[in-house]
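*Asks:* Read off the chains here:
Protein chains: 2
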Amino acid sequence: MQPRRRGRPGHDQDAVLAAAVRLFNAHGYDATSMFDVAESLSITKSTLYHHVSSKEQLLEMAVDRALGGLEEAAEEVRATTAPATDRLEQLIRRSVLVLAERLEFVTLLLRVHGNTEVELHALARRRDFDRIVTDLVKQAQTEGGIRADVDPATAARLLFGMVNSLVEWYRPDRGDPEAIATTVATLAFEGLRTR
Amino acid sequence: MQPRRRGRPGHDQDAVLAAAVRLFNAHGYDATSMFDVAESLSITKSTLYHHVSSKEQLLEMAVDRALGGLEEAAEEVRATTAPATDRLEQLIRRSVLVLAERLEFVTLLLRVHGNTEVELHALARRRDFDRIVTDLVKQAQTEGGIRADVDPATAARLLFGMVNSLVEWYRPDRGDPEAIATTVATLAFEGLRTR
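For the protein sequence lines, the chains are A and B, in the order given. Anchor point for the first sequence: position 187 equals 187 in the UniProt record's numbering, and the numbering is continuous, going up by one each time. Anchor point for the second sequence: position 85 equals 85 in the UniProt record's numbering, and the numbering is continuous, going up by one each time.
If we strip away everything but chain A, and leave its shape as in the complex, we get (with noise of 0.2 Å):
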């Protein structure tokens, strides 16, 4: 990346946050300084702060790709009609591929659990969509749709265990994103036992 002053701030501002993303899932955020980043990139830090106010922001933006993708996922499945249980699978299979196409930003979400202000907003938007999935899961057993015999929190768990399983494995060499979502959905919905 070339320090601009003009033109196309945006991409850079993308690539400043793709980098810094890069460092803190392979550093850890608190090892990593913005002069870490600024040296990753073959920039100054001052160029750097033309396109980030602080290392919070990165981290706030980074975040919020992968939240904003998940919580996309769950409002356009609440607009639909369906079944309870049709739309829990839309939003497991929604998810698998936000997974796979923010993998990064995901990455760092699942390892946030710090006490700044920015990590515990994040913290309780991720407990927001939990409870979204629990409420899909009860709201399918009044439905009928799923058994009555699951704990809807657990099973709510259990679901995106799966789903995240994916930051520790997933690589577009290991099929891709929509047969991986139908593999999940086959496993959550039908099991895998033949009958």
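Bear in mind the hints are in silico, worked out from the structure with no lab data behind them. Any given hint might turn out to be false.
Covered by chain A, according to a simulated footprint, are these stretches of chain B (three or more residues, beta-carbon under 8 Å) [said to hold, decoys possible]:
{"id": "1", "segment": "60-69"}
{"id": "2", "segment": "149-160"}
{"id": "3", "segment": "165-173"}
We put the beta carbon where it would ideally sit given N, CA and C, even for glycine.
Using the hints provided, position chain B relative to the given structure of chain A.
*Replies:* What follows is chain B alone, placed relative to chain A:
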């Protein structure tokens, strides 16, 4: 823990290990020093070195507790003559119980990504375990017990995505481990959808 030269060395080593793993999980392995471990036990560094020879030995013992539990479970199901699908289900259930019982050790294991000999050895044992799970899925498909339209390696990763998610959310007040093991097995083998 009182420093003791005689009596219950095993107990003392367990206490040292538990304290070290708590610190490794809270602050990171690299960020934790032997001085930190000694201080958290209110013993001197010299007393600490009566119990363990190095920080790396503590890491090795900790990941061995986690991997040992999972490998024992794999060994036990290997010894039975049940259909592969039932052995896979048993292995999943047993793994949930191991995770709930050895949560701190498995939490540490799942964060191991480094390049020391101890870490590389732990990663190799994890890969061997993953291979056992994938092979069980394949065998179950050959026997016709598990649906043929899922990729065995992806299925194995998703099954352990669910199991391993316990390190993120399991607490004794969120259901007893046997009940969680049953929910995991129900979701994975029967699926959530009613029929």
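*Asks:* State whether the coverage of the segment 60-69 of chain B by chain A holds or is violated, taking the criterion as 3 or more residues with Cβ-Cβ distances under 8 Å.
*Replies:* violated (count 0)
*Asks:* Go check the segment 149-160 of chain B versus chain A for me, would you? Three or more residues, Cβ under 8 Å, otherwise it fails.
*Replies:* As far as the segment 149-160 of chain B goes, the hint holds, because 10 residues have Cβ atoms under 8 Å from chain A.
*Asks:* Mind taking a look at whether chain A covers the segment 165-173 of chain B? Criterion is 3 or more residues with CB to CB distance under 8 Å.
*Replies:* The restraint on the segment 165-173 of chain B holds, since 4 of its residues have a Cβ under 8 Å from chain A and three suffice.
When the structure is compared with the earlier hints, a violation turns up for hint 1 alone.
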